[in-house]
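> Chain by chain, the residues:
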Amino acid sequence: MSDNAMNETPKTRRDFLFAAASAVGVAGAAVAVWPFVDSLNPAADTRALSTIEVDLSPIAAGQAITVKWRGKPVFIRHRTGQEIEAAREVKVDDLRDPQPDAERVQKPEWLIMVGVCTHLGCVPLGQKAGDPHGDFGGWFCPCHGSHYDTSGRVRKGPAPKNLAVPQYTFLSDTQIRIG
Amino acid sequence: MTAPGRLNRAIDWFDQRLPLISLMKHSAIEYPTPKNLNYWWNFGSLAGFMLVVMIVTGLFLAMQYTPNVNMAFDSVERIMRDVNYGWLIRYLHMNGASMFFVVVYIHVFRGLYYGSYKPPRELLWWIGLVILLLMMATAFMGYVLPWGQMSLWGATVITNLFSAIPVVGEHIVTLLWGGFSVDNPTLNRFFVLHFLLPFAIFGVVILHVWALHTVKSNNPLGIDVKGPQDVIPFHPYYTVKDLFGVGVFLIVYCVFVFWYPNYLGHPDNYIPANPMVTPPHIVPEWYFLPFYAILRAVPDKLMGVIAMFAAILVLFALPWLDTSKVRSGTFRPKFKIAFWLFVVDCFVLGYVGSQPAEGIWIVVGRIASVYYFLHLLVFLPLLSKFEKTKPLPESIGKPILDPAPGGGAAAGAKALVVLFAVFAFAAATPALAAEGTTLRKQSWSWQGMFGTYDEAQLRRGYQVYREICSACHAMKLIHFRNVQAFGFSEDAVKELAASYTVTDGPDDNGDMFDRPALPSDRFPSPFPNENAAKAANGGALPPDLSLLTKAREGGADYVFSILTGFATQPPDVELPPGKFYNTAFAGHAISMPPQITDGAVEFADGTPNNADQIARDVSAFLQWAAEPELEERHAMGVKTVLFLFAATALMYALKRRIWAAVH
Ligand code: FES
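Order-wise, the sequence lines are chains H and A. Each residue of the first sequence is one higher than the last, beginning at -1 in our numbering. Each residue of the second sequence is one higher than the last, beginning at 296 in our numbering.
Any given hint could be a false lead.
What the hints assert, rightly or not - Pairs of lysine-lysine, DSSO-like flavour, derived with a Cα cap of 27 Å:
# : chain 1 : residue 1 : chain 2 : residue 2
1 : H       : Lys159    : H       : Lys89
2 : H       : Lys70     : H       : Lys126
3 : A       : Lys511    : A       : Lys521
4 : H       : Lys105    : H       : Lys126
5 : A       : Lys789    : H       : Lys70
6 : H       : Lys105    : H       : Lys89
7 : H       : Lys66     : A       : Lys771
8 : H       : Lys70     : H       : Lys154
9 : H       : Lys66     : A       : Lys789
Unchecked claim - Here chain H is said to cover these stretches of chain A; the calculated rule only asks that three of the stretch's residues, wherever they fall, bring their Cβ under 8 Å from a Cβ of chain H:
#  : stretch
10 : 354 to 366
11 : 375 to 387
12 : 941 to 948
These are computed hints drawn from the structure, not numbers from a lab. C-beta atoms are modelled at their ideal positions from N, C-alpha and C, and glycine is treated no differently.
Isolated chain H (complex conformation) (with noise of 0.2 Å):
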């Protein structure tokens, strides 16, 4: 029925029109998704709060603490000589995700990353006093057994990549802006 109805009608004419109409329709539904999908992304006032800034001096050599930057917890960790040393140590080509310390400190004795684990995103142990530490003076991750050592690179269990090194600045000699 409706092919006889189309006949009447230059059949170029009818299909450069349902053709046009089409393209435009599906054109405008497909911008019209847009702001929909860009609602999820995060809100301005999340995207406000992607810097904080940290006082490091009272933090002691040897000791950690653990701030919150974008939802998720970030070591810094006032490292000791000793410490260093064993990070330094490191043959680099050995490594999974090889990376010498000196790529991931501005200061050697602040090492400061983010606190989750690259293999699943759980929290790894070795900030508190008598958290284990690993098979190599790090971080342990308790959920499925990644250990990483004192420079925050994996080198044990499912990981695959050293604990992330967020951007960072020293606004002083004791004050930081992560983000």
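Given the coordinates of chain H, work out where chain A with the ligand should sit on it, guided by the hints.
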């Protein structure tokens, strides 16, 4: 039927196991539809379209909204200000409710005119009325969610309707509230129900369409389909016609969303809910006004409530009230007149509902309410007995006796549009004019289709706020980072924020401490809490200014008029102690002392600093604070509407092509 190819085989395989595809084909493609449906038949599919729009926008809003009395209002404002495109999604939803009702009311009136409630479509009609009732419940509960003044007091008034029920009324109301007033438990359950009911509506809509496809569509002639020559397949004829209708409709919808998003709403709902203060005029949303008028027309609590519910329930009885064998109003000259009088009556009721219940409006409201029932309960039965109807055409396909049956409908359409426009205008016109206040209308840079803010003016206005207003008024919804909108660089914002001190904490020792503010901090409030603010201001709370221009009838003009409206009181007026005379303030006695005087601030850009200029600049700044999304909204609106015009024109051309053979 089975064309070769893997795809078709796969489709057949699926369809033999679950005939979903043949169902779709049967009901959305082949569905034989009378070939003479006019544009009034577009509103059914439009209503379905709106239901989908409301569910989609609602889902995305629900992902950001917090149903808690302490957070609901701010979470809505966060959607408006911080969530990407949040303002768009919320305005689509908010105005979508109004559009949905416009469409559904027209759909109902179409059914009334063309007798779509008569056999064999009674059940179809009843299911439709159930949808209407569910929509009303959903809309009412949705209006409560932003937790503004109208939300709270609308909820209080409407739930209190049930207290009219003898004996158990009070208990029912307590049960609805989950407490002794409309409070957090009420908000929580309303949110849940507002989320649930649209899906219930969706289910009932499926029944509605199922019933429709069983008894088939009515048509403007109201006569039965006699054979295949009377029908055409739904696709492509009515799909393209409906799509064209969606295009036209979207243009109207978008004009509201992008340029008049709050026109159909109420300024009071931008004031956070306060259980201690009732707004002076409690008015429901426009789509409830006729029923509200009927409620108020009856001077007895229980009878008023009964009359209001009866106004809808009586529509269920239409198949028995109007027994005329002729369905379409086109062939019923007297019915036609009665129908249009009834339409006018509904608009009168709506207008009365928007006015304060006093003076002439009480009388008009009563007459209109009586007429409403008179039409349905008396005129319709009498008409169906005594009216002499015009002869019906033999069939839809045959030439029609009446040369232009569409002519009446077209005239009616125009009348309806005009009436609706008048009504919308009247309903939104503030009742303030009567109170003898003066509104000094200004011309503002953001007015008009392309309107934008004047950055230099916003900077000056912000300076005025900082140097004068901020001594008493908080702006809790504004963050330092927001001032980037009028030309502060990122570093300038940091510097600005750092010049303020905020209290943060607790620190590791559990103590609160002071620190310089950050761009992500809110503007600090001048007082630690509301009571301190009241105590310091002679008992009157200086309102938060973040939303002031949206929360007051007259917007920026009103703020400007207040700031410049101080005058020496006329000799016959007595002012209470601590009050000041202001020509723009309702009641003329305002607690705020005059602040804006010539030379009160020094503008760095050399703009003259007379009182009018200062007041204008700070009003503009407050307008920006209330609607920071305005520029983005206007720009997107222009693009969207241009696109819609093009797309709709294309649809129209395609529709003419496709229909060429039928006409
Ligand atoms: S998440 Fe850390 S080891 Fe699996």
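> If a hint holds in the structure, say so; if it doesn't, say that too.
To see whether the hints hold, each was checked on the structure:
Only pairs whose Cα atoms come within 27 Å are accepted, and H/Lys159 paired with H/Lys89 is accepted, the gap being roughly 16 Å. Among the hinted pairs, H/Lys70 with H/Lys126 is consistent with the structure: their alpha-carbon atoms are about 17 Å apart, no more than 27 Å. Our distance criterion of 27 Å between C-alpha atoms is met by A/Lys511 and A/Lys521, whose separation comes to about 12 Å. Taking the CA atoms of H/Lys105 and H/Lys126, the gap is about 22 Å. The hint holds against a cut of 27 Å.
Using a Cα cut-off of 27 Å, the hinted pair A/Lys789 and H/Lys70 holds, with the two alpha carbons roughly 24 Å apart. Restraint check: the Cα-Cα separation between H/Lys105 and H/Lys89 comes to about 20 Å, which is no more than 27 Å; the hinted pair holds. Between H/Lys66 and A/Lys771 the alpha-carbon distance is near 25 Å, which keeps this suggested pair within the 27 Å criterion. Among the hinted pairs, H/Lys70 with H/Lys154 is consistent with the structure: their alpha-carbon atoms are about 23 Å apart, no more than 27 Å.
For a cut-off of 27 Å, the pair hint linking H/Lys66 to A/Lys789 stands: about 22 Å separates their Cα positions. Beta-carbon proximity to chain H at under 8 Å applies to 3 residues in the stretch 354 to 366 of chain A; the threshold of 3 is reached and the given coverage holds. With a threshold of 8 Å between beta carbons, the proposed coverage of the stretch 375 to 387 of chain A by chain H holds, since 8 of its residues qualify and at least three are required. For the stretch 941 to 948 of chain A, the stated coverage by chain H holds: 5 residues have a C-beta nearer than 8 Å to a C-beta of that chain, and at least 3 were required.
This entry satisfies every hint, going by the numbered hints stated previously.
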